[in-house]
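Fit chain B to the given chain C structure using the hints.
Number of protein chains: 2
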Amino acid sequence: MMTPRQLGEDALVDRLTVLLASGPGVLEGPGDDCAVVEGPGDGWVTVLKTDCLVEGVHYLPGTPGEKVGWKAVARVVSDFAAMGAELGHLLVTMAVPGDREVEWLEGLYRGMNECAVRFGGSIVGGETSSLPEGVPLLISVAGSGRVKRDGWVRRGDGKPGDGLYVTGRLGGSIRGKHLEFLPRMEEAQWLVEHCALRAMMDLSDGLAKDLPRMAKASGCGFRLEREAVPCTDGVGVEEALGDGEDYELLFAVEDGGDWEKEWAERFPDLEVTRIGELCEGEAGSLDGGWDHFGRG
Amino acid sequence: MMTPRQLGEDALVDRLTVLLASGPGVLEGPGDDCAVVEGPGDGWVTVLKTDCLVEGVHYLPGTPGEKVGWKAVARVVSDFAAMGAELGHLLVTMAVPGDREVEWLEGLYRGMNECAVRFGGSIVGGETSSLPEGVPLLISVAGSGRVKRDGWVRRGDGKPGDGLYVTGRLGGSIRGKHLEFLPRMEEAQWLVEHCALRAMMDLSDGLAKDLPRMAKASGCGFRLEREAVPCTDGVGVEEALGDGEDYELLFAVEDGGDWEKEWAERFPDLEVTRIGELCEGEAGSLDGGWDHFGRG
Numbered sequence: 057m058m059t060p061r062q063l064g065e066d067a068l069v070d071r072l073t074v075l076l077a078s079g080p081g082v083l084e085g086p087g088d089d090c091a092v093v094e095g096p097g098d099g100w101v102t103v104l105k106t107d108c109l110v111e112g113v114h115y116l117p118g119t120p121g122e123k124v125g126w127k128a129v130a131r132v133v134s135d136f137a138a139m140g141a142e143l144g145h146l147l148v149t150m151a152v153p154g155d156r157e158v159e160w161l162e163g164l165y166r167g168m169n170e171c172a173v174r175f176g177g178s179i180v181g182g183e184t185s186s187l188p189e190g191v192p193l194l195i196s197v198a199g200s201g202r203v204k205r206d207g208w209v210r211r212g213d214g215k216p217g218d219g220l221y222v223t224g225r226l227g228g229s230i231r232g233k234h235l236e237f238l239p240r241m242e243e244a245q246w247l248v249e250h251c252a253l254r255a256m257m258d259l260s261d262g263l264a265k266d267l268p269r270m271a272k273a274s275g276c277g278f279r280l281e282r283e284a285v286p287c288t289d290g291v292g293v294e295e296a297l298g299d300g301e302d303y304e305l306l307f308a309v310e311d312g313g314d315w316e317k318e319w320a321e322r323f324p325d326l327e328v329t330r331i332g333e334l335c336e337g338e339a340g341s342l343d344g345g346w347d348h349f350g351r352g
Numbered sequence: 057m058m059t060p061r062q063l064g065e066d067a068l069v070d071r072l073t074v075l076l077a078s079g080p081g082v083l084e085g086p087g088d089d090c091a092v093v094e095g096p097g098d099g100w101v102t103v104l105k106t107d108c109l110v111e112g113v114h115y116l117p118g119t120p121g122e123k124v125g126w127k128a129v130a131r132v133v134s135d136f137a138a139m140g141a142e143l144g145h146l147l148v149t150m151a152v153p154g155d156r157e158v159e160w161l162e163g164l165y166r167g168m169n170e171c172a173v174r175f176g177g178s179i180v181g182g183e184t185s186s187l188p189e190g191v192p193l194l195i196s197v198a199g200s201g202r203v204k205r206d207g208w209v210r211r212g213d214g215k216p217g218d219g220l221y222v223t224g225r226l227g228g229s230i231r232g233k234h235l236e237f238l239p240r241m242e243e244a245q246w247l248v249e250h251c252a253l254r255a256m257m258d259l260s261d262g263l264a265k266d267l268p269r270m271a272k273a274s275g276c277g278f279r280l281e282r283e284a285v286p287c288t289d290g291v292g293v294e295e296a297l298g299d300g301e302d303y304e305l306l307f308a309v310e311d312g313g314d315w316e317k318e319w320a321e322r323f324p325d326l327e328v329t330r331i332g333e334l335c336e337g338e339a340g341s342l343d344g345g346w347d348h349f350g351r352g
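One line per chain: the protein sequences are C and B, in this order. Per the working numbering, the very first residue in the first sequence carries number 57; after that it's consecutive. Per the working numbering, the very first residue in the second sequence carries number 57; after that it's consecutive.
Chain C with its partners taken away, still in its complex shape (with noise of 0.2 angstroms):
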């Protein structure tokens, strides 16, 4: 018998997706940040995510409803942000033991509310259900939006020699950040239009677990320039590599243009910054970062 703990996140998602046969007008299947499918015409296709919060594994018992409502909402924004696509409508799964409180729950609707129309999204609809006493609670939030046909962002469309970019800093999030964060929506789609963006995603699971998941879906090899990591202040490269749930962008660019300077002009409390490249070979791996199922 084998495990999901001995199988590893990557390699289970790998035998469980190959099962499942491709349908029409499909135009990005499992494995990106986002689904994309035909959708409204008018040079638009539609985005589908989904995502879930489990309590003790996303966020600790007793954290205030809101922040976990908007962290639930975030983290599939951080995802349509990642495709360079726009939020739409959003579905809400709960699964709770029958005796929390209602008050607990109420708050965190208000944060998924908070945090769908803060990005321009609305949640219209969902599913309650019950759990045992003792379970922890859980939250899916599935979401549909929309992005240019000709202007969506795969993981898996970067070149060697592409420049390798982070914003903000990485690291310590657990302090405070990963309930609280700003998906980058708004400079990702900035990105598309003033660099010669090739791939993108967001960071979840960090940067040593994420930037070989780019390569290796790119065809390329990477070199990480470690000592360029952007660290949040107090915090260490290892940490920096491996804490994950950063919800920061990591981009491939065509090397050429001005766009950095017209960054810090447009995001001037964001920092954006050059880590390494992408190169020929194959993605090796990095110690360290998130897997669901425990391995390293």
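For the record, the hints were derived by calculation from the structure and aren't laboratory data. It is possible that some hints are incorrect.
When chains are identical, the list treats them as one kind, so a pair holds in a single copy or across two.
Said to hold, decoys possible - Derived lysine to aspartate or glutamate pairs resembling EDC-like cross-links, with alpha carbons at most 20 angstroms apart: (1) K204 x E142; (2) K123 x E189; (3) K204 x D98; (4) K204 x E94; (5) K233 x E338; (6) K215 x E336; (7) K233 x E170; (8) K204 x E159; (9) K204 x E243; (10) K215 x E321.
All figures in this text were calculated on a predicted structure; none of them were measured in a lab.
Leaving out everything else, chain B in the frame of chain C:
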């Protein structure tokens, strides 16, 4: 402190959904089988739905993965059917303890894929999260589909005098039907085109819960002819009203027309039965049916 168990499912959902702001392009928000939003144009709008299965609540441990997967998707398909909609693209969120069998999860994905393909849809992505050992596995399925702008059916558009009908037979689903049912998608689309259909929903929590919901949403009372309720062989009328998980259609039709005869020719293996009518007045309640938080 108030808990979901004290409040009951419907009142909980009311308290939470009132916190949600409506956004642009929302034609039908929380409260019906699915949400409906502006979509692809050309006379079509988009239908969105999410649902979930929890081990020990919606299926017993030891149930083959294929059957659980079929059910996970079929429940969503049944909600699409109840709007008169077509199935499109699906996303899967799975939260699973790290010590489960990968082979069982593969069966789950095969079952989900089989049901999606059977009803014209496809699974385009998802998310996998770990749970601690000993916690029940949870699968959430979110779907998008489409329906003609002038062809979708609310649960709340019934009028006094409308005949109330159900497909199939009710009760006793736990003996096996709840894992193997065929969502009534083709039948629902036929009804949209062949009778003066005013309101429709699928029966998931039992006629005793769902019929009062339809009447209340329509601002009507109802008369139920209990002796007319079509019961599964070996099942009494109490169970037929209360067992739940029938996944049959409940619908309200303006009186008149020859559609029942046409139905019998088109669907000779699936009976349709008049069980009462909507009337003036307030919707009362019926004993029985399934409340997720244990209120009868």
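Structure-based check of all given hints:
no.	hint	result
1	K204 x E142	within (9 angstroms within a copy, 25 angstroms between copies)
2	K123 x E189	neither (23 angstroms within a copy, 26 angstroms between copies)
3	K204 x D98	both (9 angstroms within a copy, 19 angstroms between copies)
4	K204 x E94	both (11 angstroms within a copy, 17 angstroms between copies)
5	K233 x E338	neither (33 angstroms within a copy, 50 angstroms between copies)
6	K215 x E336	within (8 angstroms within a copy, 68 angstroms between copies)
7	K233 x E170	within (17 angstroms within a copy, 41 angstroms between copies)
8	K204 x E159	neither (40 angstroms within a copy, 39 angstroms between copies)
9	K204 x E243	within (16 angstroms within a copy, 36 angstroms between copies)
10	K215 x E321	neither (28 angstroms within a copy, 61 angstroms between copies)
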